[in-house]
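Asks: One letter stands for each residue in the lines below.
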Amino acid sequence: MEMKPSIQMEQKINYDHFTSIRNQLKKEQRSLFIKRFLSNRSVVIGGSILLVLIVFAIVGPMVSKYTPLEIDPVNRLQGPSAEHWFGTDNFGRDLFSRVAHGAQVSLGVGLSVAFLTAVIGLFVGLYAAYYSILDHIFMRICDALMAFPDILLAVAIMAVLGPRPVNVIIAVTIVKIPVVARIVRSSALVVKEQTYIEAMKTLGASSWRIIWFHTVPNALSPMIVQVTYIFAIAIILEASLSFLGVGIPAPNPSWGNILYDGKTVIYSSWWMTVFPGLFIILAVLGLNIFGDGLRDLLDPKSHKAINKQ
Amino acid sequence: MKAYILKRFISMIPVLMIVAIIVFFLIHLIPGDPAAVILGPEATPEEVEKLREELGLNLPLYSQFFYWLIGIFQGDLGDSIYMNKPVLQAFVEHIGPTLSLALLAQAISIIIAIPIGVLAAKKQGTFADHLFMLIAMFGMSLPSFLLGLLLMLVFGVHLQWLPAAGYQPLGAGIWEHLKYMILPAFALGMIQAAVIARMTRSSMLDILSMNYIKAAKAKGLKERVVIYKHAFRNAFIPILTILGETFGSLITGAVVTETVFNLPGIGQLVVNSIVRRDYAVIQGTILIMATTYLVLNLVIDLLYGVVDPRVRLNRK
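Protein chains in written order, with numbering that gives the first Met the number 0: chain G, 0 to 308; chain R, 0 to 315.
Source of the hints: derived by calculation from the structure; they are not laboratory data.
One should not assume that every hint holds.
Taking lysine to any residue and the SDA-like style, the derived pairs with C-alpha atoms no more than 25 Å apart in a straight line are [claimed, not checked]:
{"no.": "1", "chain 1": "R", "residue 1": "K6", "chain 2": "G", "residue 2": "I132"}
{"no.": "2", "chain 1": "G", "residue 1": "K262", "chain 2": "R", "residue 2": "Q267"}
{"no.": "3", "chain 1": "R", "residue 1": "K6", "chain 2": "R", "residue 2": "K84"}
{"no.": "4", "chain 1": "R", "residue 1": "K6", "chain 2": "G", "residue 2": "D134"}
{"no.": "5", "chain 1": "G", "residue 1": "K262", "chain 2": "R", "residue 2": "K49"}
{"no.": "6", "chain 1": "R", "residue 1": "K178", "chain 2": "G", "residue 2": "Y130"}
{"no.": "7", "chain 1": "R", "residue 1": "K49", "chain 2": "G", "residue 2": "I265"}
{"no.": "8", "chain 1": "G", "residue 1": "K191", "chain 2": "G", "residue 2": "R208"}
{"no.": "9", "chain 1": "R", "residue 1": "K84", "chain 2": "R", "residue 2": "Q63"}
{"no.": "10", "chain 1": "G", "residue 1": "K191", "chain 2": "G", "residue 2": "V118"}
{"no.": "11", "chain 1": "R", "residue 1": "K178", "chain 2": "G", "residue 2": "S80"}
{"no.": "12", "chain 1": "R", "residue 1": "K6", "chain 2": "G", "residue 2": "N166"}
{"no.": "13", "chain 1": "R", "residue 1": "K121", "chain 2": "R", "residue 2": "F90"}
{"no.": "14", "chain 1": "R", "residue 1": "K178", "chain 2": "G", "residue 2": "V118"}
{"no.": "15", "chain 1": "R", "residue 1": "K6", "chain 2": "G", "residue 2": "L133"}
{"no.": "16", "chain 1": "G", "residue 1": "K262", "chain 2": "R", "residue 2": "F137"}
{"no.": "17", "chain 1": "G", "residue 1": "K262", "chain 2": "R", "residue 2": "P263"}
{"no.": "18", "chain 1": "G", "residue 1": "K262", "chain 2": "G", "residue 2": "S80"}
Just so we're clear, the structure is a prediction, and the values are computed from it rather than from any experiment.
Same shape as in the complex, but just chain G (with noise of 0.2 Å):
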């Protein structure tokens, strides 16, 4: 935590020099933090393997020479080769440019539930630590959505909604607010306890200010770490409702409904199931390796608990 000036050391103090060992202090605990992060393996490799998808999301589609929605019976299932790297599909279609397509409708998907069950899940958990009659109200919700199997929740919504891409990152979210929520929560009720809290309070600080300057720097740590795995549970939600045929609908890509199409010629095309699901792979197993170094970095408390070296 920052040290800060009360108010009668300001008067004394050259405030102008305080501010610059201030900068100075914040400055390197900046560079020292960068210099952990990139000193964690696990960050390093799981980032590394983020990154190489992400590259792949945007450049893929630009090198490949077909568009994903080109059919082209006469060349349908055909194996990997020289002309189309990944092989075509039962509609003829290059695999390569599919799967590369499908890579940012899936890491999209994927990001946008991350962001929205954060931000959603940091509002419920706040409220409900501080407000005692929300917090009675939004818990008996949250446990009765966790009651639900992820995936049936899931195509119950997407069912009801229809196949839309968005749709998929709406029904995603709503499976996964709870479990952020509660994190928020069990962070901010420590806090609450805390005596600067109390302190706070007698000064006579609103408890908007308490609720978002004071509890939420303490809650964000165990909620970005919850977050990386949501990120990629939503990959595999994703593929899992693309694959049962109500997530994101055909022709466009997604590497769950290529996975699907693929099923039907399993007995022919191998291709059409092993490189999607090299990619989900690959994604999910770097978001769960960069997860668990953040959270060696972040929240070291939890890592002992869970995982004692």
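Model the placement of chain R on the given structure of chain G, informed by the hints.
Replies: Same frame as chain G, now just chain R:
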């Protein structure tokens, strides 16, 4: 203990109520008129009106909910419009493969994960430990339906050791049944095994560093006795929690894994019902699943008392 069980039961009621509300309102989330959506674009206005009457959509919302709830208490989850039979009956007809798959997967995961977790804890920091945990990390990143597809590709299509897909009920003979269940159960059990192995390892490490273990070793007890009799029993409580918590993900996985291997279980029922717009089936199925999950968690909580007498005492 009785008071505790009662208290836990009562605290479950509001959660169950919210579960019911969520499930009930799902059908009201359908944009437009649910009856028109269910019947599709070719339906005449008269047919739509008839269905609205049947579904009770013309009643005020609160009385719709009330009647629906009363129906549930009487075991009536509504009728499947497509299959023309009660939802409960359709559910019972499809639960066999799902249950068999989930139980087999759980068994496989426990058999693989607990010895590996204990061994990794015993050999903490060695090459074997790192290797096991690396495999576990990989296993956790592999969605079960994807592993299912890959296993199908290798063992069903290329090696042809086992049937790639299909189903035989238990009535056709245990081996016939297992032949079709081995691949899906492995696909589903692996991810579970990875989670349990990690939990077992860290839980064992916690216990093995305690003083009473040192005392037991100092007494000259055999290592096997110390590990399995003294340490494992205490390490088992967090493992039990994980077993309960991951049951949800097991069912989740089972639903998708089933569709990979064409098992006629709950997953297939739900997916088919979506195509047929048979919303009553979807509602009923997820209601039963959520209730089962809540009850199961309660049972596991109560099991703590059986495994660990200290918990029993603290709760009195």
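Asks: Evaluate each hint against the coordinates.
Replies: Going down the list of hints, with the structure as the test:
no., hint, result
1, R:K6 <-> G:I132, "holds, 21 Å"
2, G:K262 <-> R:Q267, "holds, 15 Å"
3, R:K6 <-> R:K84, "violated, 37 Å"
4, R:K6 <-> G:D134, "holds, 20 Å"
5, G:K262 <-> R:K49, "violated, 40 Å"
6, R:K178 <-> G:Y130, "violated, 55 Å"
7, R:K49 <-> G:I265, "violated, 45 Å"
8, G:K191 <-> G:R208, "holds, 13 Å"
9, R:K84 <-> R:Q63, "holds, 21 Å"
10, G:K191 <-> G:V118, "holds, 20 Å"
11, R:K178 <-> G:S80, "violated, 36 Å"
12, R:K6 <-> G:N166, "violated, 39 Å"
13, R:K121 <-> R:F90, "violated, 45 Å"
14, R:K178 <-> G:V118, "violated, 47 Å"
15, R:K6 <-> G:L133, "holds, 22 Å"
16, G:K262 <-> R:F137, "holds, 23 Å"
17, G:K262 <-> R:P263, "holds, 17 Å"
18, G:K262 <-> G:S80, "holds, 21 Å"
In terms of the numbered hints stated before, the structure departs from hints 3, 5, 6, 7, 11, 12, 13, 14, listed from lowest to highest.
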